[in-house]
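Please construct the entire structure, taking both the sequences and the accompanying hints into account.
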Amino acid sequence: MLSARTGCVELIFEKEGVYLHTNAKRSNQDTTIPGFIRIVERDGEPAMEVEHSFDPGYEPDWAVISTVKQERRQEHPPWGSFSLPLSELYSLRRARFSLGRNFLVLTTRGGDPLPPLHFQRGGARELLKAMQRYIRLAPSPMDGRLFLAYPHDSGALSQSFDELHLFDDTSADLVSRFIQDPYATTFGGFSKVTNFFRGALPHTHQESPFSNRSPQDAHCPHPADEEPGFELITCGAELGPRPQVKRGKPLDNWDQFLDPEGRVTDPQKVKELVFRGGIVPSLRREVWKFLLGFYPWNSTTKEREDILRVKTDEYFRMKVQWKSVSEEQEMRNSLFRGYRSLIERDVNRTDRHNSFFSGNENPGLALLHDVLMTYCMYNFDLGYVQGMSDLLSPLLFVTQNEVESFWCLTGFMDLVHQNFEESQEAMKQQLLQLSVLLRALDPELCDYLDSQDSGSLCFCFRWLLIWFKREFSFEDILSLWEVLWTRLPCENFHLLMASSILESQKEELIGSNHDFNSILKHINELTMKLDLQSILCGAEAIYLQLTHCKLPLKVQEVLGLRVPCSSSEESPDSEPKETDTLLAQSEARGASSCQPFNGQTPQRTPPTYP
Numbered sequence: 001m002l003s004a005r006t007g008c009v010e011l012i013f014e015k016e017g018v019y020l021h022t023n024a025k026r027s028n029q030d031t032t033i034p035g036f037i038r039i040v041e042r043d044g045e046p047a048m049e050v051e052h053s054f055d056p057g058y059e060p061d062w063a064v065i066s067t068v069k070q071e072r073r074q075e076h077p078p079w080g081s082f083s084l085p086l087s088e089l090y091s092l093r094r095a096r097f098s099l100g101r102n103f104l105v106l107t108t109r110g111g112d113p114l115p116p117l118h119f120q121r122g123g124a125r126e127l128l129k130a131m132q133r134y135i136r137l138a139p140s141p142m143d144g145r146l147f148l149a150y151p152h153d154s155g156a157l158s159q160s161f162d163e164l165h166l167f168d169d170t171s172a173d174l175v176s177r178f179i180q181d182p183y184a185t186t187f188g189g190f191s192k193v194t195n196f197f198r199g200a201l202p203h204t205h206q207e208s209p210f211s212n213r214s215p216q217d218a219h220c221p222h223p224a225d226e227e228p229g230f231e232l233i234t235c236g237a238e239l240g241p242r243p244q245v246k247r248g249k250p251l252d253n254w255d256q257f258l259d260p261e262g263r264v265t266d267p268q269k270v271k272e273l274v275f276r277g278g279i280v281p282s283l284r285r286e287v288w289k290f291l292l293g294f295y296p297w298n299s300t301t302k303e304r305e306d307i308l309r310v311k312t313d314e315y316f317r318m319k320v321q322w323k324s325v326s327e328e329q330e331m332r333n334s335l336f337r338g339y340r341s342l343i344e345r346d347v348n349r350t351d352r353h354n355s356f357f358s359g360n361e362n363p364g365l366a367l368l369h370d371v372l373m374t375y376c377m378y379n380f381d382l383g384y385v386q387g388m389s390d391l392l393s394p395l396l397f398v399t400q401n402e403v404e405s406f407w408c409l410t411g412f413m414d415l416v417h418q419n420f421e422e423s424q425e426a427m428k429q430q431l432l433q434l435s436v437l438l439r440a441l442d443p444e445l446c447d448y449l450d451s452q453d454s455g456s457l458c459f460c461f462r463w464l465l466i467w468f469k470r471e472f473s474f475e476d477i478l479s480l481w482e483v484l485w486t487r488l489p490c491e492n493f494h495l496l497m498a499s500s501i502l503e504s505q506k507e508e509l510i511g512s513n514h515d516f517n518s519i520l521k522h523i524n525e526l527t528m529k530l531d532l533q534s535i536l537c538g539a540e541a542i543y544l545q546l547t548h549c550k551l552p553l554k555v556q557e558v559l560g561l562r563v564p565c566s567s568s569e570e571s572p573d574s575e576p577k578e579t580d581t582l583l584a585q586s587e588a589r590g591a592s593s594c595q596p597f598n599g600q601t602p603q604r605t606p607p608t609y610p
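Each step along the sequence shown adds one to the number in UniProt numbering, with nothing skipped, and position 155 is 155.
Read the hints as simulated data drawn from the structure, not as lab findings. One thing to keep in mind: the hints can contain errors.
Unchecked claim - Mimicking DSSO-like on lysine-lysine, the simulated pairs with C-alpha atoms at most 30 Å apart in a straight line are:
id : residue 1 : residue 2
1  : 529       : 249
2  : 319       : 289
3  : 246       : 506
4  : 311       : 269
5  : 323       : 311
6  : 302       : 319
7  : 521       : 506
8  : 269       : 302
Said to hold, decoys possible - With beta-carbon atoms standing in for the labels, derived distance ranges:
id : residue 1 : residue 2 : range
9  : 563       : 418       : 12 to 22 Å
10 : 426       : 11        : 43 to 53 Å
11 : 360       : 527       : 17 to 27 Å
12 : 323       : 359       : 16 to 26 Å
13 : 417       : 529       : 26 to 36 Å
14 : 527       : 310       : 39 to 49 Å
15 : 426       : 151       : 25 to 35 Å
Keep in mind that this is a model prediction, so the values were computed, not measured. Glycine is no exception: its CB is placed at the ideal position from the N, C-alpha and C atoms.
Right under this line is the structure:
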């Protein structure tokens, strides 16, 4: 639309037929109000203005937005309006709420979401073009539906998270509190930080949300109420049908995999059997030591005897170190004193329902304490962080041995130690990766969580921190962890587990109209109510479904199908690698029935497992 000047106000763009969705948080009601949107320059400052009509007595639930100017104009008493300077725009997101309609959700730099806007008569493409005269819209690398806004002269595209102030001081304080009590903080103060994980550093090049369609977008149907062009920021990739997956029998014959000298002849086969069905309890003590790196797969029986002797000596040397610390020394070592205090507190509340740790004078508690204290000497920089006792207790229960449980713990911590680091960067990254997976799998569920300020998935923090230790029964955790230790079919299988759980709760979350607080409450109350075998089947089915479809590069990276590379390295369209054994076996037995996206072969197939 041509611009026009009226006094000191220049009209840049205007469009009627824009509907405001006033009740996105209650998707069972479809409350929309017609109106129009415009881009204007007032005294040289660009702003977006939205006006919608409603009854004079009607007060929508978005009426108070702290950073948005709102007013009732005298010349139009029945009309309500708000004005947002484009310099205050933080992001825009494409979303789908009720009746399958697509919306633009704008968020201010103060973190306030504006009411979702539906362009029933088109015009979204032109609006975004008008906005880009004044700001840059850069896509988030972690969320294909999210675009961050920057001034044209801003150097923010190359700044760090700290420089961009994406995490305020309150959030930083809450992160530090995870070190002391990740469980209470997850469902306490941290749950109130609705924008903590929103956004990510954008690419250094500008990409328009209405141009450069992905291959998936090219095959999206055009909704009947959308104009050509608007579908570019609303469509998601189509996935093939999800296969049916069944669990197998547990590993129950260890000797068949050992040669005369005690070497494991086929470690890959062992891992596949464990992934498929776990391990019978009588073999766990032996097989776990291989899965956790205490024994090399190619070691002989004699070599393992030597390893155990050396590791036993090393363990007790470290134990003597902390045992010999005098009270006077400890008084002058606040860090060591803090570790001991945390360990003593956590030991007294870890798995006390289990007979191995029950009672006040139980020797299992003393072993739990001593192994954790020795780990502090082994890795003093990390020391002890709450949650590590949860990782040790099943190891100690299975091995029934102080030395073996310690070295199994060090192997386990090699996999998850970054979860416990003070920066919490690994946890933030995993939550972002989980968001990437969930958005590829179920955009509707993601949009609903976004509409309830739960898109950060912070309620999954405890799941990922200690690998679902508090969500399943003690016996189920023994089965789950040995599956995860195989690192099959990908290293992020625990994220597929989380996706499987969230999808299993979709009907309850959306159908029961859960809000932010009740979502947290519902997820927390899933403890001991989940069926492990069905969740495992669901997670594997998700993996097989995704690997048979043409995926966005970020999803490929999460699944380990593509190593992040620069433009000068291998192209994502290069020849696929050999399909892994597990996937091929699943196809052979008919477990996977989904077809490649659009009848084409996937961009990359999973690499062969190590």
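Under the criterion that the straight-line Cα-Cα distance not exceed 30 Å, is the pair residue 269, residue 302 satisfied?
holds (23 Å)
Given hint residue 506 paired with residue 521 - CA-CA distance at most 30 Å
Roughly 15 Å between the alpha carbons, so the hint for residue 521 and residue 506 holds.
When you take the CB atoms of residue 527 and residue 310, is the distance between them in 39 to 49 Å?
holds (40 Å)
Hint check: residue 302 vs residue 319, CA-CA at most 30 Å. Holds or violated?
Given pair residue 302, residue 319 holds - Cα atoms ~26 Å apart, limit 30 Å.
Indicate whether the distance between the beta carbons of residue 417 and residue 529 respects the range 26 to 36 Å.
About 30 Å separates the Cβ atoms of residue 417 and residue 529, which means 26 to 36 Å holds.
Going straight from one Cα to the other, do residue 529 and residue 249 come out at no more than 30 Å?
OK: residue 529 and residue 249 at ~23 Å, within 30 Å.
Cβ-Cβ distance between residue 360 and residue 527: within 17 to 27 Å?
At roughly 25 Å between Cβ atoms, residue 527 and residue 360 fall inside 17 to 27 Å, so the hint holds.
Given pair status - residue 506, residue 246, alpha carbons within 30 Å
holds (22 Å)
Within 12 to 22 Å or not, the Cβ separation of residue 563 and residue 418?
At roughly 18 Å between Cβ atoms, residue 418 and residue 563 fall inside 12 to 22 Å, so the hint holds.
So if I understand the rule, the pair passes when the alpha-carbon distance is 30 Å or less; does residue 323 with residue 311 pass?
holds (18 Å)
Between the beta carbons of residue 426 and residue 11, is the distance compatible with 43 to 53 Å?
holds (49 Å)
25 to 35 Å was suggested as the range; check whether the CB atoms of residue 426 and residue 151 agree with it.
holds (32 Å)
When each numbered hint is compared with the structure, no violation occurs for any of them.
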